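Enquirer: Sequence:
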Amino acid sequence: MARPQPPPWVHAAFLLCFLSLGGAIEIPMDPSIQNELSQPPTITKQSVKDHIVDPRDNILIECEAKGNPAPSFHWTRNSRFFNVAKDPRVSMRRRSGTLVIDFRSGGRPEEYEGEYQCFARNKFGTALSNRIRLQVSKSPLWPKENLDPVVVQEGAPLTLQCNPPPGLPSPVIFWMSSAMEPITQDKRVSQGHNGDLYFSNVMVQDMQTDYSCNARFHFTHTIQQKNPFTLKVLTNHPYNDSSLRNHPDMYSARGVAERTPTFMYPLGTASSQMVLRGMDLLLECIASGVPTPDIAWYKKGGDLPSHKAKFENFNKALRITNVSEEDSGEYFCLASNKMGSIRHTISVRVKAAPYWLDEPKNLILAPGEDGRLVCRANGNPKPTVQWMVNGEPLQSAPPNPNREVAGDTIIFRDTQISSRAVYQCNTSNEHGYLLANAFVSVLDVPPRMLSPRNQLIRVILYNRTRLDCPFFGSPIPTLRWFKNGQGSNLDGGNYHVYENGSLEIKMIRKEDQGIYTCVATNILGKAENQVRLEVKDPTRIYRMPEDQVVKRGTTVQLECRVKHDPSLKLTVSWMKDDEPLYIGNRMKKEDDSLTIFGVAERDQGSYTCVASTELDQDLAKAYLTVLADQTTPTNRLAALPKGRPDRPRDLELTDLAERSVRLTWIPGDDNNSPITDYVVQFEEDQFQPGVWHDHSKFPGSVNSAVLQLSPYVNYQFRVIAVNEVGSSHPSLPSERYRTSGAPPESNPGDVKGEGTRKNNMEITWTPMNATSAFGPNLRYIVKWRRRETRESWNNVTVWGSRYVVGPTPVYVPYEIRVQAENDFGKGPEPETVIGYSGEDYPRAAPTDVKVRVLNSTAISLQWNRVYSDTVQGQLREYRAYYWRESSLLKSLWVSQKRQQAGFPGDRLRGVVSRLFPYSNYKLEMVVVNGRGDGPRSETKEFTTPEGVPSAPRRFRVRQPSLQTISLEWDHPEHPNGILTGYSLRYLAFNGTKLGKQIVENFSPNQTKFTVQRADPVSRYRFTLSARTQVGSGEAVTEESPASPNEATPTAAYTNNQTDIATQGWFIGLMCAIALLVLILLIVCFIKRSRGGKYPVREKKDVPLGPEDPKEEDGSFDYSDEDNKPLQGSQTSLDGTIKQQESDDSLVDYGEGGEGQFNEDGSFIGQYTVKKDKEETEGNESSEATSPVNAIYSLA
43 MARPQPPPWV HAAFLLCFLS LGGAIEIPMD PSIQNELSQP PTITKQSVKD
93 HIVDPRDNIL IECEAKGNPA PSFHWTRNSR FFNVAKDPRV SMRRRSGTLV
143 IDFRSGGRPE EYEGEYQCFA RNKFGTALSN RIRLQVSKSP LWPKENLDPV
193 VVQEGAPLTL QCNPPPGLPS PVIFWMSSAM EPITQDKRVS QGHNGDLYFS
243 NVMVQDMQTD YSCNARFHFT HTIQQKNPFT LKVLTNHPYN DSSLRNHPDM
293 YSARGVAERT PTFMYPLGTA SSQMVLRGMD LLLECIASGV PTPDIAWYKK
343 GGDLPSHKAK FENFNKALRI TNVSEEDSGE YFCLASNKMG SIRHTISVRV
393 KAAPYWLDEP KNLILAPGED GRLVCRANGN PKPTVQWMVN GEPLQSAPPN
443 PNREVAGDTI IFRDTQISSR AVYQCNTSNE HGYLLANAFV SVLDVPPRML
493 SPRNQLIRVI LYNRTRLDCP FFGSPIPTLR WFKNGQGSNL DGGNYHVYEN
543 GSLEIKMIRK EDQGIYTCVA TNILGKAENQ VRLEVKDPTR IYRMPEDQVV
593 KRGTTVQLEC RVKHDPSLKL TVSWMKDDEP LYIGNRMKKE DDSLTIFGVA
643 ERDQGSYTCV ASTELDQDLA KAYLTVLADQ TTPTNRLAAL PKGRPDRPRD
693 LELTDLAERS VRLTWIPGDD NNSPITDYVV QFEEDQFQPG VWHDHSKFPG
743 SVNSAVLQLS PYVNYQFRVI AVNEVGSSHP SLPSERYRTS GAPPESNPGD
793 VKGEGTRKNN MEITWTPMNA TSAFGPNLRY IVKWRRRETR ESWNNVTVWG
843 SRYVVGPTPV YVPYEIRVQA ENDFGKGPEP ETVIGYSGED YPRAAPTDVK
893 VRVLNSTAIS LQWNRVYSDT VQGQLREYRA YYWRESSLLK SLWVSQKRQQ
943 AGFPGDRLRG VVSRLFPYSN YKLEMVVVNG RGDGPRSETK EFTTPEGVPS
993 APRRFRVRQP SLQTISLEWD HPEHPNGILT GYSLRYLAFN GTKLGKQIVE
1043 NFSPNQTKFT VQRADPVSRY RFTLSARTQV GSGEAVTEES PASPNEATPT
1093 AAYTNNQTDI ATQGWFIGLM CAIALLVLIL LIVCFIKRSR GGKYPVREKK
1143 DVPLGPEDPK EEDGSFDYSD EDNKPLQGSQ TSLDGTIKQQ ESDDSLVDYG
1193 EGGEGQFNED GSFIGQYTVK KDKEETEGNE SSEATSPVNA IYSLA
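When you read off a place in the sequence shown, starting at 1, and then add 42, the result is the number in this note's numbering.
Note that these hints are calculated values from the structure, not bench results.
Please note: incorrect hints may appear among the correct ones.
Calculated cross-link-like contacts (lysine to aspartate or glutamate; reagent style DMTMM-like; alpha-carbon spacing at most 25 Å) [unchecked claim]: (1) K892 / E873; (2) K87 / E104; (3) K165 / D412; (4) K380 / E187; (5) K663 / E570; (6) K393 / D486; (7) K611 / E601; (8) K342 / D975; (9) K982 / D890; (10) K548 / E694; (11) K229 / E354; (12) K739 / D792; (13) K548 / D579; (14) K424 / D400; (15) K605 / E777; (16) K403 / E777; (17) K800 / E368; (18) K794 / E777; (19) K939 / E873; (20) K274 / E187; (21) K165 / E694; (22) K380 / E326; (23) K605 / D711; (24) K525 / D486; (25) K341 / E367; (26) K663 / E621; (27) K593 / E632; (28) K274 / D238; (29) K593 / E553; (30) K605 / E700.
Computed beta-carbon distance windows for the label pairs [to be verified]: (31) P409 / T451: 15 to 25 Å; (32) V1041 / L1117: 45 to 55 Å; (33) V953 / T889: 13 to 23 Å; (34) G344 / E833: 56 to 66 Å; (35) H473 / T451: 20 to 30 Å; (36) G344 / G449: 16 to 26 Å; (37) M292 / S383: 18 to 28 Å; (38) V214 / D620: 32 to 42 Å; (39) R258 / E472: 24 to 34 Å.
The structure displayed is predicted, hence computed values, not measured ones.
Where is the CB? At the ideal position from N, CA and C, for every residue including glycine.
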């Protein structure tokens, strides 16, 4: 720690000395100085300019002032002397100018209304208060009146006027019923800012209550109520049906005619409003109409100021807070409903009462010094400035040869004691005034010290410290520092003397210990004081606690060994999880360790050892992990592998030089893996405080290195150790070391000059970092000039990284240079960069645009080049805007969306493609630069010829029966010409075998076609396209649906698979199947001979016609003449046997269920017979396989 906290008087003295340099100071609050130094009066408290008082209380008009000697007070009323002593009701507070007017013994407060001003005077001048306008609050009664019922037609607008009595201040208006229930307001019924109640349209339900205007007065806290209005609403719908309120068209349901909006307030289409700067602007628009109009607000030529604009009263009012000059302009409100809209324009003018630019400040000078008072204000209209001295106009004051008035400034030269006075500046316009007091005090005081003598300051080695020496004197004394009573003045190098006299030692060393003497001198004498500086060694933890993993119930010891200055008292404390640690019975704290006995789970956490003295402290942290019995280490050990080295410690800087320093450190434990490298990092506190950068890398065998440094960088270093396992945690930072400054050796890079507007050029660059700044107050000298004219260089000094040049001509080249500079000098001569000012929109359009149609979808363009001076920027491209005006097919709707095609660079021809054929187009050409588009060229019209159509839409293939396939389609989305017909190509295919292709041509109106199948097995592939005279267009292809069991080759295909039938394995399989069928037949006959029952159909002759449900669901038979099923049955694709003639079947005697024969994954057939639902009682439903049909299907 550099030093103990200074007492409050030090801050006051510091402020005094600092402000004295600017010529305006406050006298220190030290009582001894306050009593000795004279000071003209200063007003410290006063009532507001518009002072409204409650007539029931005593009147208080405040005026307080300070000065030495204490000022006396007197008042004027209405610019005439106000004799307080003559009025028994009026008194003045002791040691104050505050007026008290007492009405306990009677009297009317209104008699004391007027304009009051307070004067505070002592022998050095007179200060004035503002002119205080005293007004008594008024709350007059409402005149009694009898109000007839208001008769109004339903749907008509209505205004109920409030007209409250004038009060001071104005009352707050609100509407209620005579039963004191608030009137519900919405966008149809609302109260205006003037207090009137507006109905955009009257409804029948508005008669359900009466309406009374209420005024609440601020000071008396009373509410006055006007006699209520009652409404009588005439309606075309005599019954007040409440259900109509929620009707979607409530007005028409009640027979109310809808009408366009009209404005109820303000009237007409335009109005104007004036508002003062800093006040709130309130704009209001209330409209009538059926349905109720919506209100929207806009500003002409710009957007509403979103950060300070808000909508009130259901969007009928717009409030802009804290108005400024840029808020002036034209605003308009738009009232709209479904019948139409109207708008009202409000012209807003922003005026301003005077406001300060430079308010005059008190001026304290020494004899013979110069000074000035500045009184600068602004307003609209421009305010006038009037100077007064001690409350009198300056023109009537005694002449003073040392004083000169120059408009808003008074200049004092060679001031003397007699120049002391209080000056008033009054600046006013028609909207208000400002009054400021500023005194001129001439002091003649020899130097004196303000702090106790022989202070002791103790500071830690290598830290920065500041020795304070507060002083006072007039003229302002000069201060010098000496060490040990000898040697020259201390300033420069490791020392820096501030303007207030404090001495800063940038980095404390052992040899800086000693006695420092500060000497303050002016023409009246000198004063001195001494400060004794002691340098102490830093507190360091050299044996830090380490992360540990222990089992529950064991004992753990955390080490913390500290090295400190023996003259300082050391305190070692511990924290757990960043909170103070309570040392319980299981813990033992010693000077260099913390022991925990019987570790429990709650002991897990981070432990911090804090070693502190009264000047500094050091801390180290370790994490304790507690494991349950017989468990393995937690993931924390994996996150902190023991193989990484411990961090280096005890960093020390020696051999301090201007461009180098030696850094020494103590290596940490390498944890059984040798340290291979040390990485030195640095941080500086000017440009990127807290950000660490790599400085250099050294072998693991060294622990001391010389670091090369850049000028004027306040360095701080840390070291990271590296081994094969990884990197250590960074060491604790070293003390700071600032190198001396030098001129920059480089200039900023990436210099650019680009326009952001048409009349400027923004010069930007990449700012230099801390290691290239080389000195304080890094700044940049920006130079520029027109390239062609070779005029002299313009230059400006910039502290940021950009500068805007303006106004400039449009898009002209500039030569730009940016040079770095600091307090030690300039950098090298910079390179010249070419930049350009801002672009403007092109002024000319391409001429002689020629269009040549290439084909039905593309055109060729050709144009003449525009003159370069009309581009007004960098030519980006020539751009064509084109749109499809119509199609030559009259019934076809087309989109007229504008499209564009760009031709980069200075080209004179181009091609526009992807057009729609058989269409009328329009086209315009523009020139494009970085700002945007130029004017449009003459519009060109062209027509694209016929093309081939797009594919027919929604091509659908259905299979309604086994014999037919139905095709349907829609016309192409883009006919691209007159359709002449459709072409259909189709062929049958069965697996890999393809049939002969058939071509059909249709008329342009035909969109359906039916194909008769040649066989029930094959599928069909259809390709359909539309035609124009140009040719066939894009085709669409679909295939007929696959049958449900056509996922693999079926039994129907086996007739063609003769190669399989000749295989030996196939013959053997067929024999096995035949044997199995024979066995099944024998079993069936045996069961029948035993008297088994089988069902007999009641309906025998049941034909299988087209209405069979199997055909309806899309199934079809695969049987042919060579593969016929048994008499009395039909075999469908799923193998189901339908009974026709026979009353019974062998199948009924089977085991039931379904039979399926597979060969090499090929489906053979599935044969089932469903019994009649009305079979004889006692027989269960069953399904049997027909072996005979299976044999036929395999033949």
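Enquirer: Look at each hint and say if it fits the structure.
Expert: Hints, verified against the model:
no., hint, result
1, K892 / E873, "violated, 47 Å"
2, K87 / E104, "holds, 7 Å"
3, K165 / D412, "holds, 23 Å"
4, K380 / E187, "violated, 41 Å"
5, K663 / E570, "violated, 48 Å"
6, K393 / D486, "violated, 47 Å"
7, K611 / E601, "holds, 20 Å"
8, K342 / D975, "holds, 24 Å"
9, K982 / D890, "holds, 10 Å"
10, K548 / E694, "holds, 16 Å"
11, K229 / E354, "holds, 11 Å"
12, K739 / D792, "violated, 30 Å"
13, K548 / D579, "holds, 17 Å"
14, K424 / D400, "holds, 15 Å"
15, K605 / E777, "holds, 17 Å"
16, K403 / E777, "violated, 43 Å"
17, K800 / E368, "holds, 22 Å"
18, K794 / E777, "violated, 40 Å"
19, K939 / E873, "violated, 50 Å"
20, K274 / E187, "holds, 19 Å"
21, K165 / E694, "violated, 64 Å"
22, K380 / E326, "holds, 22 Å"
23, K605 / D711, "holds, 19 Å"
24, K525 / D486, "violated, 30 Å"
25, K341 / E367, "holds, 14 Å"
26, K663 / E621, "holds, 13 Å"
27, K593 / E632, "holds, 23 Å"
28, K274 / D238, "holds, 19 Å"
29, K593 / E553, "violated, 52 Å"
30, K605 / E700, "violated, 31 Å"
31, P409 / T451: 15 to 25 Å, "holds, 22 Å"
32, V1041 / L1117: 45 to 55 Å, "holds, 53 Å"
33, V953 / T889: 13 to 23 Å, "holds, 20 Å"
34, G344 / E833: 56 to 66 Å, "violated, 37 Å"
35, H473 / T451: 20 to 30 Å, "holds, 24 Å"
36, G344 / G449: 16 to 26 Å, "violated, 36 Å"
37, M292 / S383: 18 to 28 Å, "holds, 21 Å"
38, V214 / D620: 32 to 42 Å, "violated, 54 Å"
39, R258 / E472: 24 to 34 Å, "holds, 32 Å"
Hints 1, 4, 5, 6, 12, 16, 18, 19, 21, 24, 29, 30, 34, 36 and 38, counting from the list given before, are not met by this structure.
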